[in-house]
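Asks: If you want the building blocks of each chain, they are given just below.
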Amino acid sequence: MLKNETTAPPRQRADVAAKRCRQLAALVVALGVAAAACGSARTLEGTAAEIYDGECVAESDRQLTVYSGRTENLIQPVLDAFACETGITVAVRWGASTDLALLLAEEGDRTPADVFLSRSPGPVGFLANQGLLATVDGDVANLVTADHRSDTRTWVGFSGRQRVLVYNLDSVADDELPASIFDLTDERYRGRVAIPATNGSFVDWFTVFRDQHGSDTAAQWLDDMVANDARYYPNNRSIVEAAGRGEIDMGLVNHYYQYQVAAALGDDHRAANWDFAGDDVGSMLIITAATVTSASDDPGLSNQFIAYLLSQAAQQYFSNETLEYPLAAGVAPAGVLPPLGGPEIGSIDFDALGDGFARSTEIIEASGILNE
Amino acid sequence: MIGALRRRRSRAPAALRIAGVVLAFAFAFPGVYLVYRALRDGTGPEGLLWSARTLGPLWRSLRLAVSVSASALVLGTGLAWLTMRTDLPLRKLWRVLLPLPLVYPTFVGAAAFIRTLNPGGLANDLLSSIGIDSVPELRGFWGAWFVLVMMTFPYVYLPVAARLRHLPGSLEESARLLGDSAFAVFRRICLPHAGTAIGAGTLLVFLYTLSDFGAVQLMRYDTLTRAIATNYLANPPVALALSLMLLVLAAIVVLAERWFSRRLPDAMSAKGDRPLDYRLGRWRPYATAALALTVFASVIAPFIALADWARRGLFRSLTGDRALTVDYAAIAESTFNTVWVSVVAAVVSVAAVLPIALLVGRYRSRTGSLAHAVVISTFALPGLLIALSMRFWTLRTDLVLDLLGDTAALLIFAYIVRFGSLAMGISVVAVRSVPERLHDSARLLGAGPLRRFLTVDMPVMGPALGAGAGLVLLSVMKELPISLFVSPLGFSTLTTRIYGSFEDAFIAEAGLLSVILVVLSFVLTWFLVVRRQEHA
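If you read the sequences in order, they're chains R and V.
What the first sequence shows, in our numbering, is residues 1 to 372, in sequence order.
What the second sequence shows, in our numbering, is residues 1 to 536, in sequence order.
In case anyone wonders, no lab produced these hints; they're calculated from the structure.
One or more of the hints may lead you astray.
What the hints assert, rightly or not - Partial pick of chain V residues on the chain R-facing surface, computed with a CB cut under 8 Å: (1) 136; (2) 137; (3) 183; (4) 489.
What the hints assert, rightly or not - Here chain V is said to cover these stretches of chain R; the calculated rule only asks that three of the stretch's residues, wherever they fall, bring their Cβ under 8 Å from a Cβ of chain V: (5) 64-78; (6) 85-94; (7) 108-119; (8) 122-131.
Stated by the list, open to error - Covered by chain V, per the in silico footprint, the following chain R stretches (three or more residues, Cβ under 8 Å): (9) 141-150; (10) 237-247; (11) 286-297; (12) 361-369.
If you're wondering where the values come from, they're calculated on a predicted model, not measured in any experiment.
Built from N, CA and C at the ideal position, the CB exists for glycine as well.
Using the sequences and the hints given, assemble the complete structure.
Replies: What follows is the structure in structure tokens.
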């Protein structure tokens, strides 16, 4: 019922047969019975097959361990395609990017992780400051433009999410949609705007905001938002959901949650994205980052994997399926996405900001937005 | 009567005392980690720790924990009495439903509450049809209070229900014959005898509220756990110091509860003595309505939202509109993992805390009290911290790494450290409810210690230990940070998949997996907890 072979819609249905085979094998081992060898030459199915449709290479004994702040739904097909095409086993630990960064810091040089994928640059900066990241090979880093990687090559961007304003279709009139985030401190937006103040990508966005407009301007903007009864929500998803229900009128979020919720709830979800004017800081692109850990025992393999994320096929997948902005291989963003024009977070050297993240957190806490 | 039941203070067997020390040590690793890290890294800027930025959240945490535990005490005890000692209709159904709120992971449970009950939510049509047009928005202090009471009252309900189930009816009968009203009997007989169970359960609610992050975050109530989470990356020494503060606070409360409960009479138990069922009379409809309302608010309301998400997702995948990103094999694998780790963790947890319970309840040993405090205080620590400390120690201990490396054994150990506290308090109550005279008789008849334990202790303690195992079981099933970080690579549970889907707003998948989790816990609660209580 969940898996409909004949209609086979093009969502992420990775490699079902092989997966079942593996799980069956795992079960058999768990029961203490010798497992029979399972499967020979195989190909991928579903979304993963759109990334790689050739025959899978026989499994080698090389293993890559990935700590992924990207969730399984968004990246598993790419991992499956990589494993199939190279014969390399990919083991993954999932979690929130900030939590995984803490885990990597605790594990230190003993971590099994080779690669860390982060939803936003903040956690990467935290690890870079602690000296836990190796540099990405020059030829891999050069797959993206200088805007989308760190100058010291501690990280390389592999997809982008744009900051937008999500708004309720019934309670916000067209002429009320603002051109800039600076408009939101206006009286007519009193009590109507939600801010995910403790969310990682918001804090990163705020850090770049401070870098571009000066800390005082950014802090003043946040204070004015609080004075204008802006409302705190813990994350992007809860804002998009509340906007769709009409609990709030609008909120500052990453662009792609709206597409997921709308796909699940259909027309009952009464919300849409609004793009700030091209050069407004409110429409910044937040980049998801790939890094190699300094404890990786196979940096060559780690670089090979990151290069795969930046390959034409993988970038096309991010564009088509997860509706993110591709950053490499000349792939164009999906048609439903508005064209990019705003400042991009990668153009700021995050490592150089040093305590940027810590200072942003202090300003946000001091603004009082967290106290209801 | 109270004096007659006081226990002799005798010295515990050496083996038991050694077991107590070993267990205390095993349970102490997150606390030791915190102290070690705080000493190594310092506490950061002193001023920051005692500034309004941290004292405000600390005050709010305390205020919330006190309000939630007081409310859960009243609600949990009342529900236990109604379902165990009265002629309320559908009692068996209520007994299976009432523990279920424990199984909602707070990050998705609180979101589902919001989806159903908040403005524009799913219950709005229903409410407006009965004339309620505007609903208050669940948020801030009252929102957090409501959601947490609804999700934690089973911590009180389960142990108290297990206790009342075995309170001999003869005492109440005598009181009734002497002319006491039903309420007076409840106050004079039930309450004192369930006192230790009530205290133990309320303590858990208090500590859980301190450690909760998911619900307070979604209700936008700014507590200590939020301050810890924010400072982890921005200012790690402050986060560590705040966590240590949480642990010290917990230890103080645990010792206070211990001091208090030692002054309560031992609970009495007698098999074969039928419990008394009160006739509620004209109160029956009101009591039934109150129970139905609680079940609606705590179990049904979040379930409606989750089922709605699941239904839409299934519908869309069937029409070929949008396939689900999870398949049968993935669901089956996660379900299988969830069941076996939670059952094993529940059983081993009870076995692990039982020696401590014997030390505390039977011998009043100092070693036991220390171990008891360590086990229970740990419950106030956020799960993420326990996961991090577990990884910290295992990666630095070659022996453990070589022997258990990437196995589920470490995962189960971490679960036990996180949730052993849930079985701890109720086990002490169980131990104290075994009548000393039964032991004396058995000893006179020549039964050895093991035989006495199996034939005298276990039958009397069974229902309470079952309730303890049930608390651990439901909590492990929904546990997230440990399941993510301490598990072998590639090991998934239903909750890790719910998280993976929910985080990026794949709400159809999150809804479907949550529905499976709730149904599964319903079945397990029935087989492992309720049915055993019926037969005991």
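Asks: If you check each hint against the structure, which ones fail?
Replies: 1, 3, 9 and 11
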